[in-house]
Every structure is written in C-alpha cells, then in structure tokens.
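As given, the protein sequences belong to chains A and B, one line each in that order.
Read in order, the letters of the first sequence are residues 1 to 562 in our numbering.
Read in order, the letters of the second sequence are residues 563 to 906 in our numbering.
By construction, these hints were calculated from the structure, which means they are not laboratory data.
On a predicted model such as this, the values are computed, not experimentally measured, just so you know.
No false leads were slipped in.
Once the Cα atoms are required to be at most 20 Å apart in a straight line, the calculated EDC-like pairs of lysine to aspartate or glutamate come out as:
{"hint": "1", "chain 1": "B", "residue 1": "K790", "chain 2": "A", "residue 2": "D470"}
{"hint": "2", "chain 1": "B", "residue 1": "K719", "chain 2": "A", "residue 2": "D13"}
{"hint": "3", "chain 1": "A", "residue 1": "K482", "chain 2": "A", "residue 2": "E493"}
{"hint": "4", "chain 1": "A", "residue 1": "K57", "chain 2": "A", "residue 2": "D67"}
{"hint": "5", "chain 1": "A", "residue 1": "K354", "chain 2": "A", "residue 2": "E272"}
{"hint": "6", "chain 1": "A", "residue 1": "K482", "chain 2": "B", "residue 2": "D806"}
{"hint": "7", "chain 1": "A", "residue 1": "K463", "chain 2": "A", "residue 2": "E509"}
{"hint": "8", "chain 1": "B", "residue 1": "K719", "chain 2": "A", "residue 2": "D30"}
{"hint": "9", "chain 1": "A", "residue 1": "K518", "chain 2": "A", "residue 2": "E453"}
Rough simulated footprint, nothing fancy, chain A against chain B, three-plus residues with beta-carbon under 8 Å:
{"hint": "10", "stretch": "700 to 714"}
{"hint": "11", "stretch": "794 to 807"}
{"hint": "12", "stretch": "818 to 828"}
{"hint": "13", "stretch": "832 to 842"}
{"hint": "14", "stretch": "866 to 876"}
In silico negatives: residues of chain A with every beta carbon more than 12 Å from chain B:
{"hint": "15", "residue": "E342"}
{"hint": "16", "residue": "R346"}
{"hint": "17", "residue": "A419"}
{"hint": "18", "residue": "T469"}
Quick reminder that beta carbons are idealized off the backbone N, C-alpha and C, glycines included.
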Amino acid sequence: MTADLNSFAWLLDRLAYEPRRNGKLALMTDYFRRTPDPERGHALAAMTGQLAFANAKAGLIRSLITDRTDPELFALSYDYVGDLSETVALMWPAARPRDGIGHNLPAPTLAGIVAALAEAEKRELPTLLADWLDQLDETGRWALLKLITGGLRIGVSARLAKTAVAGLGALPTDAIEEVWHGLTPPYEALFAWALGEGPEPEADDPAPFRPAMLAHPMEDADFDRLDPAAFSAEWKWDGIRIQASSGLDAQDRRVTRLYSRTGEDISGAFPELVEAMQFDAAIDGELLVLREGRVQSFNVLQQRLNRKTVSARLLAEYPAHVRAYDLLVDGTEDIRALPLSERRQRLEALLAAKQPARFDISAELPFTTWDDLAAARAEPGSVGAGADADAIEGLMIKRSDSAYVPGRPKGLWFKWKRAPGLIDCVLMYAQRGHGKRSSFYSDFTFGCWRTGENGDELVPVGKAYFGFTDAELTELDRFVRKNTINRFGPVREVTHTATSGLVLEIAFEGLQRSTRHKSGVAMRFPRIHRIRWDKPPGEADRLDSIERLMVRTSATGSEPEG
Amino acid sequence: MRPHELLTPTPSGLYCPPADVYIDPVRPVARALITHGHADHARAGHGAVLATRETLGIMAVRYGAAFTQQQQVATWGERVRIGEVGFTFHPAGHVLGSAQIAVDAGGLRIVASGDYKRAADRTCTAFEPVRCDVFITEATFGLPVFRHPDTAGEVAKLLDSLTLFPERCHVIGAYALGKAQRLVALIRDAGYDRPIHVHGAMEKLMGFYEAHGVPLGDIHKVVAAERKTLAGEIVICPPSAVQDLWARQLPDPVTAFASGWMRIRARARQKGVELPLIVSDHADWDDLCATIREVGAPEVWVTHGQEDALVRWCAMNGIRARPLRLAGYGDDGEADGEMPTAAS
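Work the whole structure out from these sequences, hints included.
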C-alpha cells in the first residue's frame with residue numbers, strides 16, 4: 001500500500017468503527033510500522049491533536065460542492081446522509097478507477113497537504129482543496145474534509161496514539177510521554193527511537209509533562225495487611241488531577257504549562273494559574289474552584305473544563321486553584337526517586353518560599369489506626385474539612401517512603417472513596433453493546449417514579465453499562481429479550497410498570513442538575529450495584545427523593561443552569 | 563397501446579391486463595412471472611409461475627417443490643406469447659437466475675428490470691441492456707452518494723483484518739441468497755482457500771449454486787459445538803444472526819456486514835458493525851444512470867428505493883420519468899440484507 005492520504009484514511013475509517021482499545025492499538029501500530037517518515041509522523045500529529053488547519057470552514061466545502069452538483073440532488077443526499085463532509089466525499093464527481101486504470105494523478109500525502117496548507121494563502125484554498133478531492137478516493141476525501149474542518153471523531157486519545165508508537169518496540173508509553181512535549185511533527189527521531197534504530201530524543205523542553213502516579217482502590221483485606229504507621233493520608237478532592245510544570249528555557253524565558261492527568265496541555269483554559277506559576281518546579285495537584293476560600297463541588301468546576309479559551313466573566317465567577325499533593329521537580333532537580341516524605345518537605349519549602357497565588361498544600365490527616373481514617377472518611381467535616389466536606393471524594397493513603405512511579409504501581413498509593421450514593425431504579429430500555437458485547441443487551445437506561453398527568457410514571461434518570469458480572473449480564477440479557485415491549489433500531493424497551501419489570505440498585509458518585517435530561521438530574525459514574533430481582537418496580541425510588549439527595553450533595557448551588 | 567395499458571401497478575403487483583399476468587406479485591395470483599428468487603419478489607402460492615430454471619429451483623429450495631401448481635421455464639432471449647403479449651427474459655446480473663422481463667405488444671416494449679447490477683459477478687449471468695420504450699428501474703441505491711467501491715478493495719479490508727487479528731473470528735452478515743455466494747466467490751478470487759464457515763440457513767443455497775456451476779471452494783456448515791473453535795476463521799451468516807444468540811459463542815468476533823448500505827457511516831454504526839464491507843447486489847447511482855442512458859428509453863418508471871433523486875436526474879437529462887409506487891418490495895428486509903430503506 002502506498003503511503004498517501006488514502007491509506008491514512010483507511011486507518012481512520014477502521015479506527016472509527018473499532019470499539020476495542022487493543023484493536024485500535026493493533027491498527028495504529030501496524031500503520032506506523034508500514035508507513036514511512038514523514039507521513040506517519042504527520043498522521044501521529046493528526047491523531048494527537050497537533051495538526052491545526054484553521055482555514056477551511058463548512059461554507060467553503062458547501063460552495064465547492066454547489067459548483068459541482070445539482071442543488072436538489074445535493075439536498076436529497078445531505079438529508080439522507082446527515083453529515084456534510086461525508087455527503088461531499090461521496091458525491092464528489094471524481095473519475096472512478098473502476099476499470100482498473102486508476103487516477104491520472106497520484107493521491108496527495110498528508111505530509112504534502114500539511115506543507116501546502118502552511119504556505120497557502122486563503123484565496124488559494126478552494127483550488128488546492130478541489131484538486132486534492134479530485135485525486136483522492138471516497139474514504140480519502142472523507143478523511144481530508146474531516147481533518148481540515150476539525151470534525152474527526154475516531155475515539156483515539158493522544159495517549160492511545162502514543163501507546164501505539166511505543167508498541168513498535170519495547171518502550172513504555174510513559175517514556176514517550178516524558179519526551180513528547182519537546183518534540184514536533186513529523187517525529188522522525190521518536191519513531192527511530194521506538195523502533196530501536198536511534199537514541200532517545202533530546203528532551204530540551206523546560207516544562208515537560210511527567211506521567212502521573214496513580215492509586216489502587218483500598219480493599220477490605222488491605223487493612224489487615226498494611227501497617228498504618230508506614231502511611232500518610234490526605235483528602236481526595238473531587239476536582240481534576242493536574243500537573244503544573246514551569247521552567248526557564250535556554251534564553252532564560254519562562255515556559256509554563258498546565259497538564260491534565262493524561263498529559264494534555266490545558267494551559268489555555270487557565271490563564272490565572274499559568275500567571276501564578278512563577279517557580280521552577282513540577283507540581284502534582286488537584287485543580288479546584290475556590291470561592292472565598294471554600295472548595296466548590298465538581299459541578300461548579302465543570303464550567304471551566306473543556307474550554308480552549310476563557311472569558312473574563314468565567315475567570316471571575318469560577319476562580320481556579322491548585323491544591324498541591326506532590327513535587328516531582330524542584331528547580332531543575334528531578335526528585336521523583338526520593339521518598340514521599342522528603343518530596344513533601346521540599347514541596348512545603350517551595351510553597352513557603354515562593355508563596356504562589358492560587359496554590360496551597362493538601363493537608364495531611366493525623367491518624368494512628370485505620371479506624372481513625374474510617375471515621376474521617378465517614379464524616380470529613382468532623383476532622384477539619386469543615387465546609388469543604390462536600391467536595392471531598394474520599395481519602396488518599398500513600399506509603400511515606402514511596403518514590404513517584406509513573407502508572408499504577410502496586411502497594412504504594414491507595415484511594416479510599418466515600419461510600420457511593422445508592423438509589424433503586426427501574427429498567428426501561430436496553431441497547432446492545434459493542435465488540436465482545438455486541439450480542440448482549442448491555443447498556444441499560446433506568447428511571448425513577450414521579451407524579452405525571454395520568455398518575456405515577458417513570459422518567460429516565462440515567463444509563464449504566466457496567467457494575468455487573470458476566471453471569472449477571474447473561475441474566476440481564478435474558479430478561480431484556482423475554483420482556484421486550486418495543487424495538488427502536490438497536491434499542492429495546494422493556495416492560496416497566498408498578499408490578500412488572502426489573503429494579504436495579506444504582507450506585508453513583510454525585511448528582512447534578514441538568515437541563516439536557518428529561519428528569520432534570522444527571523448522575524456521575526452510575527453503575528449497577530445490585531440487581532433487585534426480588535423488588536417490585538412500584539417500590540423503586542421517586543424523583544423527589546433524588547432531588548433531596550442532590551440538595552444534600554451539591555455545594556452552595558449558585559451555579560447557573562447548564 | 564399506451565404503456566399503462568400494457569403494464570400497470572396494482573396492490574398485488576405489476577399487472578399486465580391484456581395477458582392477465584403479474585410480474586413479481588406480492589399476493590397469490592393465478593399466473594405470475596418472477597424476476598428472481600428473493601422472497602419479496604418470489605412468493606409461494608401462485609397458480610402458475612414462469613421464471614428461469616434457476617429461479618424456479620431457488621423457489622423450490624426455499625418453499626418446497628409444491629410452491630406453485632404449475633411451473634414453466636423461461637429461457638434467455640426466448641419470446642413467450644401469452645395472448646397478444648410477448649414476454650422475453652434477459653439476464654439482470656442481480657443473483658443466480660435473476661432476469662429482466664421485456665414485455666411487448668403492438669410495437670411497444672417495456673422492460674421490467676427487477677433488481678439488477680452492473681458490477682462484475684461470476685456467480686450469475688451479467689446484465690444485458692435491452693433497448694425499450696419504457697424502462698422500469700429499481701432505485702434501491704438511487705442517491706448520488708451511493709457509489710460502490712471496487713469489491714477487491716473491500717475483500718482486501720477483510721483479509722487485512724484477518725492478518726492483523728488472527729485470534730478473532732470474523733463473522734460476516736450477508737443475505738443468504740446471492741450476497742453470501744458472491745462474497746465467497748470474491749474471497750476465493752482474492753486467493754483465500756481455507757474453509758469458509760456458513761450458518762445452517764445458507765447451506766442449501768450454497769449447494770444449489772455449486773450444482774449450477776458456481777464453484778465456491780470448501781464450504782463448512784457451522785455446528786453448535788464447534789462455534790468456540792472458529793478463532794481466525796471466516797463465518798458467514800444471515801444478518802439477523804450476527805447480533806443474535808447464535809453468534810455469541812464465536813471467539814472474540816469481529817462483526818462485519820456486507821451490504822451497499824455500509825457506504826453510509828451512520829447506518830453501519832447504528833448496526834454496531836465493526837468492519838463494514840461495501841458489497842452490493844444492486845446497481846449504484848452511476849450504474850443506474852448509465853443503464854438508463856444505455857437502454858435508450860424515452861420514458862422511465864422508477865420503483866422501490868430512492869425514486870425522487872433518480873426522477874430528478876432523468877428530468878435533468880431530458881428523459882420523461884415518474885415514480886412507480888409499488889408496495890411490498892424491500893420492506894421486509896430482503897432487498898439488501900435486512901436494511902429497510904429510509905424512504906419505505
């Protein structure tokens with residue numbers, strides 16, 4: 001296969017349909033293996049969000065197709081397909097290679113397109129684009145249009161794409177993360193390194209990402225096994241885990257970046273934090289919204305997430321803050337190999353010396369026995385969390401002598417979450433899953449009772465597709481098949497009256513108001529906790545009892561609807 | 563005689579009053595002419611059936627030998643007279659035995675083309691354009707977005723996936739008559755010579771094709787106890803079985819689906835398909851248009867599918883055209899493997 005955009009398009013097409021992580025990895029690694037530089041590097045850039053084509057808008061594509069097709073036929077087609085890029089890709093009147101002769105011109109490469117777009121003036125764009133569309137096949141046209149309009153959805157995270165590169169050889173993905181932010185497309189040195197054909201690329205980025213250390217859930221058996229004296233404990237805040245990395249480059253200019261847990265650069269959304277990072281360090285911490293010193297709930301923080309830029313109003317109403325857990329780099333010294341207790345002392349010293357605004361340290365909780373911690377977990381307010389107790393997700397328990405090890409090493413860090421919320425709901429709809437589960441009804445929509453115009457009715461409150469065992473899934477699937485009352489494509493409606501139907505005990509981490517849901521509530525991490533084969537649906541919970549839970553679990557409640 | 567006096571749509575199907583016969587009737591009638599063996603065109607219970615030898619054979623396989631009281635074999639190009647009307651069967655290239663039926667009387671010729679395709683297919687006789695005054699065309703894929711790719715590329719997609727995921731069973735949903743056999747032939751032509759495993763519902767038709775001179779290689783019926791051992795193998799089953807209990811025991815299956823509908827991503831995704839294979843038994847948009855030009859008919863009647871777009875295209879090209887609203891075709895999922903069209 002030639003290394004042109006058509007072959008990258010084939011990969012994107014396959015990735016878009018492949019639901020499995022391992023399947024996606026195999027497809028990507030295979031592509032990277034048989035595609036030469038620099039094409040594969042540009043492909044990696046496209047999949048990690050490092051390619052930005054700002055010029056092409058839907059309007060341009062519309063005008064190109066309008067010049068080439070009958071408006072009525074286009075309207076009928078667009079109406080049927082429902083996606084502009086796909087409609088244009090399929091309708092584009094290119095010569096078809098059906099008689100085996102093929103196209104006159106070779107298809108463009110991604111590398112060629114990147115280079116041409118970098119130099120092109122805006123007025124040249126229509127001609128360039130039309131020529132490429134002439135030279136590509138249907139899948140190639142679809143991929144090009146999706147790439148240049150930014151509408152590509154293939155279910156691949158940057159992390160997964162890097163893991164596929166690591167899969168070319170024996171590198172751990174975290175090793176790639178360490179050097180990633182110092183590299184630029186087309187990543188020739190990275191591929192050479194991954195294939196064992198070159199040295200590790202120079203990481204001369206003064207503010208790189210260091211892969212995060214993660215915790216295991218605390219199990220009941222752990223308490224007997226582990227000695228409380230070897231551990232320290234702190235609150236687990238319900239924000240987002242971040243890394244604040246700042247340093248000076250060769251010209252002594254400050255380079256400052258805020259990374260998500262997976263290494264995504266989110267600096268642009270938090271300018272006030274970037275401004276506050278006047279230190280040479282890499283801090284691991286939790287991003288929170290603080291109002292008058294009080295930690296707000298995750299619902300409030302959500303207003304700041306997933307934004308590329310931020311308005312003055314959002315900055316004022318949702319002020320961001322970092323609660324520091326750990327220090328990975330002190331000055332230019334990588335201290336990840338030091339024990340946690342020493343890193344913590346360094347962190348305290350750094351924050352005391354620099355006093356950066358919007359940063360504070362996560363308090364350590366005094367305890368001698370696991371029972372002490374159990375009490376703190378049950379009622380954070382009683383052990384100093386005060387009014388912030390609502391924003392506490394549980395406890396973090398860390399070995400005081402633990403080094404900072406990327407990934408999820410065993411036996412070092414534990415998380416002990418607060419008991420989840422539980423409600424009894426009634427199964428209403430089921431949908432078939434994907435991949436291994438494609439023959440099972442494994443996505444379940446459930447509802448609670450409310451008073452409607454014609455008496456009690458069920459209103460959907462959420463959807464869950466995990467929490468059950470394989471054996472339970474088989475039973476749930478059988479229940480769905482035997483109790484179907486309606487079919488809508490891949491969805492089945494199952495019987496749900498007060499006397500017949502199935503009650504599911506749903507566990508969840510939080511509730512928030514939502515205008516997008518019919519019920520007005522949205523759950524965080526809902527999952528099936530127990531199947532209540534014994535319980536009549538009429539005895540399931542009512543919406544107003546959920547609303548009462550919401551009042552209790554959400555914070556001050558000043559957030560706008562949305 | 564005017565065209566609508568020779569052939570006219572009725573609730574039972576396309577009717578020829580001067581000969582008192584129906585073409586592909588959807589209800590039992592005294593005398594039926596059948597274009598091909600798909601269940602929405604070929605139903606049991608007619609008094610007499612005129613069809614190609616292969617179509618009669620397929621109907622017997624599906625409905626039993628007593629599917630009609632009286633059978634008459636139509637031979638390619640041979641005019642059969644019924645009253646004042648002549649009926650001539652010409653190959654349609656859709657499935658084994660599939661025919662267009664040319665109906666002529668008093669110097670007027672209407673061709674009812676049934677379902678047809680123009681793409682190469684060694685499992686049936688190729689479509690033969692017949693010049694006529696009125697051409698009745700299907701429009702299953704009658705939108706300019708339906709342009710079927712080269713089948714070799716689609717089969718390559720399947721074989722690439724087998725190479726990349728040798729531990730996974732590749733289960734392909736395909737309609738039991740025509741699509742399944744064509745798919746096997748395409749896979750064989752790509753050089754794959756391992757046994758191909760088929761669902762029990764397909765076994766008889768596979769044998770029927772073989773007996774009619776279409777070699778398909780080593781075909782193996784899947785038995786329940788063996789399902790777990792089919793890692794790395796190709797399994798073909800009816801579309802409904804892919805996501806049914808039947809497929810559950812297959813080892814880590816990659817779900818594929820062979821259909822012209824797979825061209826549209828939202829459709830493939832809605833079906834939960836992981837490996838869409840765009841292989842169709844119907845003419846795509848370009849072939850529909852090319853065929854209409856080729857038969858040279860000044861008038862075209864468009865039926866089952868996306869009539870509006872094709873009627874529009876005819877108007878743009880100076881050809882008189884109208885939709886022929888015939889009920890009952892394709893809507894039971896037979897047209898192209900359980901995918902009802904948006905229009906029906």
